[in-house]
Amino acid sequence: MKMSRHYLVLAGILLLGGCLRFWHLDLKPLWLDEVITALFSFGRNYYEVPLNKAFPLAALEPLFTLKPETSCAQIAQTVSSQSVHPPLFFCWMHNWLRLVDALPLSWVWKLRALPALVGVVAIAALYQLNRVAFSPTAGLSGAMIMAVSPFAVYLSQEARHYTLPMLFVILALLGLHQVQTDLYQRQLRPGVWLGWIIVNSVGFYVHYFFLLAFVAQVATLLVNILTFRSLPTLHPSSSTVRLSAHAEALHPRRALIAVTLATTAVCLTYLPWLPTFLSHMTRPETDWMKPFEPDWMDTIAPLYQLPMGWILMTIALPVENQPLWIAILMVLLMVLFTGWLLWQVSSRFGQLWSTPETHLATRMLMLFVLCVVLQFLAIVFILGKDITSVPRYNFLYFPAVCALLGACLTQDQAARGGGKLWRSTLYASSARPKYTLTWVVLLVGVLSSTLVVSNQAFLKPYQPDQVARTVHLDAAPPLLMGMAYGDFQGVALGLSFALALHEYDDRAPDPRQYFAFIPRVRSATSQSSTAGARAQGTPTIAQVWQNLATLKQPLHAPLNLWLVVPGLKQVAYPPQLSLLQQSGMSIGCNVDRDRFYRLGIPYQLYRCQP
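Residue numbers (the numbering used here): 720 to 1329.
There's no promise every hint is true.
[Claimed, not checked] For lysine-lysine, the following DSBU-like pairs were computed, each having C-alpha atoms within a straight-line distance of at most 30 Å:
no., residue 1, residue 2
1, K1288, K1271
2, K1179, K772
3, K772, K786
4, K1271, K1104
5, K721, K786
6, K1271, K772
7, K786, K1179
8, K1179, K1288
9, K1288, K772
[Said to hold, decoys possible] Derived CB-CB ranges, DEER-like:
no., residue 1, residue 2, range
10, L1162, G910, 23 to 29 Å
11, T1189, L997, 37 to 43 Å
12, Q1301, T1189, 43 to 49 Å
Calculated from the structure, these hints are not laboratory results. For every residue, glycine included, the Cβ atom is placed at its ideal position computed from N, Cα and C.
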């Protein structure tokens, strides 16, 4: 292929990936995690949220405006005390918001634009990884897969730190490949090793899970060093590492010393944040990963949740909020497509593995994926935290999967000799079938990504937009929604519902719509922080009803009272509650058993009459 055509194809892939990621960027509602991003990135914190009193929905607007004077040190302090994440992403996001603050776009679009932009950069980085590890054509195929992957598009449209650590994983794998090359050729390129150390150091301060990626890289290096003599001798090639002339050059002891020194250097950079990291690991905010009422199904769930996450990397069809028969049909289609795809690439993967020119890179990527998955299973079955319940954490090894799949697509299934291995199905001649495997993957990916950006697949957790639509079914009476909270996570969840209500209210503004945070513990005498509220005692459901009865709110009956109490079953909602009016008189609110809903979180309607 001519170089000009090659780079035109790369530009087209980047353009397609960018269009998919920025298309309908602010269509979906912000959910709990994105609210956390917004608060910290705008330079604000939970102490600025109006708690323990009713407030109009319009009062949310100042909370989600930028405080440009906030420093990165202040953001780091806020994140360390009010969250369980490292600070770097939020600092960079704050600077990004300062940069784009003057643009005439919604603040939600600005918030999600940085992860989307990084997602496009990750496509280019994956191209470079496959170009170096396999071939330029494999670079194009890998970039194409990431560009149209519904999973990658979903992550790119999240105002969260997923695409950024994903980019660092790609850069780390690129460095890992170069480090391996240095070890096998008995050379030392300081820039390569220093770059690999820096990437793995910074990655930890972007997302804690990057630590798993670093462990997987070190494990991959150690396995390859200790089993070097079992590797096949590579054929001479101008585009690959020539190990035949250096097969005896690798000295395992020296290689282990080099890897140990580099690993130690990375670990030393973690020390300043280590106490905060250890404290975060024991915080109650991470308890959501534990099953609420564990049973035998929770024990086996990771064994099918992991494969479902793999399926979503290449195809995503509408399943959520669909009739049962449609959901079953969509799942069946996704499973069949994935099975067919695996069958198609299995022989191609065998070629990658058995060919000396590609074995080393294939081995590296496979070991990396295997090590990360094993760590996932250890977290699930040893620590009791099911991180497989949400597919988004697969971002950690997703780039390696894209790289391997892209390399497989470049293999000519009919080829047997080494000289024929690099025929690309992406540029098949006119004598070949028009719809090759590559084009099928491309079309399925574009279709799936279109469903993602149009809010038909990968719906936001807890579906705040659906909650807002349900609450507004009865539009006539005044509305008060109460959110029971016991920690910062509960406040963020409530804010996601309040924002969805506010967006819905903007279509037909009504000043009689209020929101309130109700503590699960004894309410403080004045507006308090969640930290202060938690210190009052042990959270109880009975305390929620008592705090509701003394809640300050300006609405008069009749009104609709919606209560969101996480973890509460329908039968546990009392038949009648008291609500204090502005005049000081209490009114009775009767439960409407027909208006109970659960979208991961239960919410119940009460009708309050004079």
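Against the structure, the hints come out as follows:
Taken as a hint, the K1288 and K1271 pair is honoured in the structure, with Cα atoms around 26 Å apart against an allowance of 30 Å. For the suggested pair K1179 and K772, the alpha carbons sit about 28 Å apart, so the restraint of at most 30 Å is met. Among the hinted pairs, K772 with K786 is consistent with the structure: their alpha-carbon atoms are about 24 Å apart, no more than 30 Å. Distance hint between K1271 and K1104 is unfulfilled; the C-alpha atoms sit about 39 Å from each other, more than 30 Å.
A C-alpha spacing of about 51 Å is found between K721 and K786, which places the hinted pair above 30 Å, so the restraint is violated. Restraint check for K1271 and K772: satisfied, since their Cα atoms lie roughly 5 Å apart, inside the 30 Å limit. Restraint check for K786 and K1179: the C-alpha separation of about 27 Å stays at or below 30 Å, so the hint holds. With a CA separation close to 22 Å, the supplied pair K1179 and K1288 stays within the 30 Å bound.
A distance of roughly 25 Å separates the Cα atoms of K1288 and K772; the hinted pair therefore holds under the 30 Å criterion. Checked against the hint of 23 to 29 Å, the pair L1162 and G910 fails, with Cβ atoms roughly 41 Å apart. As the Cβ distance of T1189 to L997 is approximately 41 Å, the hint placing it in 37 to 43 Å holds. For the pair Q1301 and T1189, the beta carbons lie near 27 Å from each other, so the given range of 43 to 49 Å is not met.
In this structure, the earlier hints numbered 4, 5, 10, 12 are contradicted, and the remaining ones agree with it.
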